[in-house]
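One letter stands for each residue in the lines below.
Number of protein chains: 2
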Amino acid sequence: MGTLVSSEVDVLISEVGPRDGLQSVKSIMLTEDKFAWIDALYAAGVREIEAASFVPAKLLPQMADAELVVKHAVTLPGLIVMALVPNLKGAEAAIRAGVHKVTIPVSASAAHSLANVRKTREEMVKEVEKIATFRNEQAPNVKIEAGIATAFGCTLQGLVLEDDVIRLAAEVIRAGADQSGLSDTTGYANPAQIKRLFRRLQAEIGSKAGAAHLHNTRGLGLANCLAAFEVGVHSFDSSLGGLGGCPYAPGASGNVVTEDLVFMFEAMGIKTGIDLEKLFEARKPLQKGLPRETIYGMLPEAGLPKGFFSSTNQARSVHER
Amino acid sequence: MGTLVSSEVDVLISEVGPRDGLQSVKSIMLTEDKFAWIDALYAAGVREIEAASFVPAKLLPQMADAELVVKHAVTLPGLIVMALVPNLKGAEAAIRAGVHKVTIPVSASAAHSLANVRKTREEMVKEVEKIATFRNEQAPNVKIEAGIATAFGCTLQGLVLEDDVIRLAAEVIRAGADQSGLSDTTGYANPAQIKRLFRRLQAEIGSKAGAAHLHNTRGLGLANCLAAFEVGVHSFDSSLGGLGGCPYAPGASGNVVTEDLVFMFEAMGIKTGIDLEKLFEARKPLQKGLPRETIYGMLPEAGLPKGFFSSTNQARSVHER
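Protein sequences appear in the order of chains A and B. Residue numbering for the first sequence follows my numbering, beginning at 1 and increasing consecutively. Residue numbering for the second sequence follows my numbering, beginning at 1 and increasing consecutively.
Isolated chain A, as found in the complex:
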């Protein structure tokens, strides 16, 4: 989930691999490998990372070292470190560890909400309120994002009413969240729907409209990101190597691939602040830490176009003159 975009970039790419990616695979990455991966992402210019999920280790053993990972990540200057928290207890632990931002998943699908967090949608809005109260009292600098999951459809209940999505986003903002974005948890979204729903979100909550968290399950990930950008979304979640999400089958990865997404924007002249060559380097510690997992990405396979012009690097060379 994203934050406000700094003046040096046109879009913010929020890397969710260390949380969304790692919790979706069976292998457990060693803590020191997570450090190396996060360092490499940072070296490539990534400035927001969803580093961990604060949930009981017996539910997600991949996240047992969440506190250590956050404590490492916050040593990197200028990096916004965020963590997913499903409830107040998780938020307390994340804030104690030092995160700059917590993100709370709130499902627009009633069925998915119960399956994912064992709470109704209404109970999750209450949870956002509790977390906001705690934040206001104990850690006023920490930001709260409440992303609306299954905003574009649900594998359990099928259709998700757009009115439900927008109403829920308004409710989490009223409950105290600083931002609310939309997540295509199931890879159901299409570009027309993306434009329609983000426009409604902006009309409803204005500048508190947050990131697009989109999946590539059916191949539309980048087209959907483009559509979101075209209606004014400037913050995008993605995962290095496409790790995580809902991988139904080999090749059918879940999360939008960070490398491909950065390439699309940079090629279009839209600055991400990320160096693609260094981003490729960040695949090495990922692969080293998860030797048995397949990582994806069309651009890494095909390579950069001959004579490729990076908007970010061009901007840098101008600065260095």
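To be clear, the hints were calculated from the coordinates, so they are not data collected in a lab. Be aware that a few hints might be false.
If chains are identical, the list can't say which one is meant, so a pair holds when it fits in one copy or spans any two.
[To be verified] With a straight-line Cα cutoff of 25 angstroms, these simulated BS3-like cross-link-like pairs (lysine-lysine) come out:
hint: 1; residue 1: 306; residue 2: 278
hint: 2; residue 1: 119; residue 2: 306
hint: 3; residue 1: 195; residue 2: 271
hint: 4; residue 1: 143; residue 2: 119
hint: 5; residue 1: 195; residue 2: 306
hint: 6; residue 1: 143; residue 2: 126
hint: 7; residue 1: 284; residue 2: 306
Starting from the known structure of chain A, fit chain B onto it as the hints suggest.
Positioned in the frame of chain A, the structure of chain B alone reads:
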């Protein structure tokens, strides 16, 4: 390459697999398997197929049965059958076989032109003129499309000047082609460039601006198709199972995948006239005819979303009331 869009669909999907796909793989599909594949595409609602390439069999043994394939395809009512022809000799053979349309590849990259057809760009424009003269005299109903290849960049020379692309498109129209589209032969295009260049093409040649032939080499295939659609392109080339194009590596397929492209449009409410379930069925004869080739497609792996609403089928059910 595309033709004008009929009143029953919003976009025309032109299936290039039997030509572009088959000529890119080493295996040779049996003629009877080609018939079965084309029949299945037709049964799914595909109404334009690039069925073959008329080139010497010693250069492309996969296309040795071009005449037989065309003669079969033209028996399917309402199907526009096209063939790629690199020169007058090929055009004569294709027209003799009964095609409705020939498509001539004209490279905007000087280096690619020599490598691909052993002719300069200027010589290719002359070839278009010869073919148009022949067509005017012998087969006035046959349409001629001259697509501009490497329009967005070239693996041999890198940058391709946009002025060269537009000038060449104007020249092939002056030489007698009915339409000229743009091809991202190398998978270099980005959505901003797509919009810019198709707008220039439309300004230059008006309604003779033809299809978008886009590749997914770097994952931007569907985003680029969306960008083209947004500036008024209504004819798209694609390949079932993503067969063909420039497969650098496993997963990094070349041509845009027909299944995924049709899904994007149908989900957006844009009618293609194609039934997705039946399109999935058309993968079976393709796979049977090429048992050793990998075929791609995110949608076929993940399946249709629960409660998916097909614009084409909805329209059909309205007609049937």
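_For a quick check of understanding: which of the numbered hints are violated here, in increasing order?_
none
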